[in-house]
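Q: Residue strings, one per chain:
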Amino acid sequence: MPTAPPAAEARPVPHPSGDKRFKLLEVAMKKHQFRPDALIEVLHAAQQLFGYLELDLLLFVARHLKLPPSRVYGVATFYHFFALKPRGRHTCVVCTGTACYVKGADGLLAALRREAGVGPGETTPDDNLSVLTARCIGACGIAPAVVLDGTVKGHVTADALAAEMKGWVPGGTG
Amino acid sequence: MELADLAAIAEKERAARPPVEVRCCTAAGCASAQADKVLDGLKKAAADAGLDGKVRAVSVGCLRLCSRGPLVQVDPDGTLYANVTPEAAPSVIAGLAGGPVAAERLDPAGPFFAGQASVVLENSGRVEPERVESYIAADGYKALYKAVREMTPAEVVEAVTRSGLRGRGGAGYPTGVKWATVAKNPGDRKYVVCNADEGDPGAFMNRSVLESDPHKVLEGMAIAGYAVGANQGYVYVRGEYPLAIDRLTTAIKQAGKLGLLGTHVFGTPFDFRVDIRIGAGAFVCGEETALMASIMGGRGTPTPRPPYPAEKGLWGMPTLLNNVETFANVPRIIRDGPEWFAGIGTEKSKGTKVFCLTGKVANTGLVEVPLGTPLRTIVEGIGGGAQGGAIKAVQTGGPSGGCIPAELLDTPVDYESLGKIGSIMGSGGMIVMDGASDMVDVARYFMEFCMDESCGKCVPCRAGTVQLHRLLTRIVDGAAGPDDMARLESLCHMVKDTSLCGLGQTAPNPTLSTLRYFRKEYEAKLRTDRRVHLPVYTPTVNGTPARRTP
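Here the protein sequences line up with chains A and B, keeping their order. Residues in the first sequence are numbered consecutively from 301, following our numbering. Residues in the second sequence are numbered consecutively from 11, following our numbering.
Keep in mind that the hints were calculated from the coordinates and are not lab data. Note that the coordinates shown come from a computational prediction; the quantities given were computed from them, not determined experimentally. We put the beta carbon where it would ideally sit given N, CA and C, even for glycine. One should not assume that every hint holds.
Straight line, CA to CA, 25 Å or less: simulated SDA-like cross-link-like pairs of lysine to any residue [stated by the list, open to error]: (1) Lys331/A <-> Asn93/B; (2) Lys64/B <-> Thr95/B; (3) Lys53/B <-> Gly63/B; (4) Lys47/B <-> Ala18/B; (5) Lys47/B <-> Pro368/A; (6) Lys267/B <-> Asp149/B; (7) Lys330/A <-> Lys322/B; (8) Lys322/B <-> Asn93/B; (9) Lys263/B <-> Lys366/A; (10) Lys453/A <-> Asp149/B; (11) Lys47/B <-> Leu353/A; (12) Lys331/A <-> Gly63/B; (13) Lys467/B <-> Arg371/A; (14) Lys467/B <-> Val447/A; (15) Lys323/A <-> Ile286/B; (16) Lys64/B <-> Pro100/B; (17) Lys330/A <-> Ile286/B; (18) Lys330/A <-> Arg371/A; (19) Lys402/B <-> Lys323/A; (20) Lys506/B <-> Asp462/B; (21) Lys366/A <-> Gly351/A; (22) Lys331/A <-> Arg159/B; (23) Lys267/B <-> Leu419/B; (24) Lys453/A <-> Lys47/B; (25) Lys263/B <-> Gly407/A; (26) Lys330/A <-> Gln242/B; (27) Lys331/A <-> Val393/A; (28) Lys323/A <-> Pro368/A.
Footprint (simulated), chain B over chain A, 3 or more residues, beta carbon under 8 Å [to be verified]: (29) 348-361; (30) 412-426; (31) 442-451; (32) 456-468.
Anything over 10 Å on all C-beta distances counts as not near chain B; from chain A, calculated [unchecked claim]: (33) Ala328; (34) Ala399; (35) Leu409.
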């Protein structure tokens, strides 16, 4: 009588590229015991490692958490935090919360458009700067606020922001 | 861990405290103004001056006047310095001996500070948020001990009910009733969830509480866990608050090490674990059913209620969901008794509320006042009035709230009174606007927010907010006529009445409240001629405007 093949769960194969970051991502997933409900935590980890979520990366996550790719894609596109495209070398996040709005956040966005030639959600053609907006970074006491490469700056004026941009964009508008 | 051990830690901590403590706020507002460097400067200056053992510089949470940071307070005399630069830090230490200080000195008895209460923020700016010992020295975890060792779960629920505490997330549902419902619903497992997904733009109370006093929230959650029979807690924090996440993670680790969380809390059979879930930037996740969907790793789309989370929540189990500030009130209620708490506030709204006073006001920052305090006291007394010019309106409740005109500033701030005038208490954002703000544009701003943040599950919200935004844009641009106004109003009511969750149901509120109080501004923008303005249609060929053949 033929014996049934061993029903052991096939371990998901490592990523063929041999990129070490996939190994680190697997460690992060293991920490959550590959539970499907840890998807958002895993995507956070993936974005931290890779900077953005490529389709190939989403498939890798889907396979390991035993989730349909549609579910992973659905979650990744639902939340603003996850970027499916690479960002520029520098990021400038302009807070558009109510306090910043009242204190002139639109002036800052106009200054950025003037200096860098890009608007919210766009990246300069040389991939040096991405301009983003945030709904509220909770720094309302020091409005208007921007986040330059992860550092929060408060009481920002359009001129001060333009001065900060000097090193990041080639002089004048793009 | 026994009460004696807790007392021993507190005693050791107090004994180690030098006569003078220089406290530097390192919460997010001050941190962005180089508070870390100021703290280093203070530490170095104290060491250089040979004051080890006499003076200690410590990192504390929010000292409230965020717009003037970094703030440094000297304990015990309470001297407060604002706008302290890293260069001025040595002079603060020199100032202890009477030298001149190169920083602005604030009066701690001034109107901004004197008009405030301290219940939720009692430890904010006093304890070191990154050291559990410091919290224990401020009577921390005594309430948890009292709850698990001296009270039955039913007694804890009863105490919270009697205190009259209501949900601080904005809706104001009685906390005790919610706890009792979760406690009586059967389930193999139950969960306690702390909603720290503070999405309202212009509000940062929860961030401040988590950054300044994370253990207080954990203690409140553990008490709640004991009361309702839950062994697992989740804190759902916004991804935009990295410092709050860091400090909360540290706090959970430290509390676990001391046996204040984890298995056998205070040597009893009660287990309570807390895990952090980090949000990924979706406003709708502040809605309870969407938040739970997000904790379970899905898209943050709400589901119809009932069933309420108290019956069927996380993984179908009874789940208690409260706001950060609600949990932060609990330890004090257990420690000092529900009667003490019920003595603060008004008949129907007990206790205090933390607000973020921002916008065009002289003093911006964190404000805690007893409920029932008139809005005028907060904005003009504590806030110091508008910066040059008169106050036009105060916006409360974020995109779900409304704009309160200057003539209604004498309204007491409590759940009922704000509801009556078409706004809501909300989670605590309070944005002051002066004559420079165009109220129709304000309405459009909030509608744009709701339009972007709508999850897209139900049609009234998904399509309605887009149409409302278009109508408001037409009015702002001066292209709308009286018929557009009528359409705007009827659509507002339709979206309000038929949306699935709180986001859609409250999205028209800023528009409706500005229509109610500032209708003249809308009408002034309407076109007067009777010609129908239709968008100009330009035929295109391959994306370029088609040229008419001659």
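Q: Can the restraint linking Lys267/B and Asp149/B be considered satisfied, given a maximum Cα separation of 25 Å?
A: holds, 18 Å
Q: Are at least 3 residues of the segment 442-451 of chain A within less than 8 Å of chain B when you compare beta carbons?
A: Held - the segment 442-451 of chain A has 4 residues with a Cβ nearer than 8 Å to chain B, which meets the minimum of three.
Q: Can the segment 348-361 of chain A be counted as covered by chain B under the rule of three residues or more with Cβ-Cβ separation shorter than 8 Å?
A: violated (count 0)
Q: Check the hint pairing Lys263/B with Lys366/A against an upper bound of 25 Å on the C-alpha distance.
A: violated, 31 Å
Q: Taking only the CA atoms, is the gap from Lys331/A to Val393/A under or equal to 25 Å?
A: Roughly 31 Å between the alpha carbons, so the hint for Lys331/A and Val393/A is violated.
Q: Does Lys47/B pair with Leu353/A here, judged by a C-alpha cut-off of 25 Å?
A: It is violated: about 35 Å lies between the C-alpha atoms, which goes past 25 Å.
Q: Check whether the Cα positions of Lys330/A and Lys322/B lie no farther apart than 25 Å.
A: violated, 29 Å
Q: What's the verdict on Lys64/B and Thr95/B, does the C-alpha distance respect the 25 Å limit or exceed it?
A: Judged against 25 Å, a Cα distance of about 23 Å means the pair holds.
Q: Do the alpha carbons of Lys330/A and Gln242/B lie within 25 Å of each other, as the hint requires?
A: Given pair Lys330/A, Gln242/B holds - Cα atoms ~21 Å apart, limit 25 Å.
Q: Sort out whether Pro368/A lies within 25 Å of Lys323/A, counting only the CA atoms.
A: Judged against 25 Å, a Cα distance of about 21 Å means the pair holds.
Q: CA of Lys322/B to CA of Asn93/B, is that 25 Å or under?
A: violated, 50 Å
Q: Need the status of pair Lys331/A, Gly63/B: alpha-carbon distance at most 25 Å?
A: violated, 43 Å
The earlier numbered hints that this structure contradicts are 1, 4, 5, 7, 8, 9, 10, 11, 12, 14, 19, 22, 23, 25, 27, 29, 30, 32 and 34.
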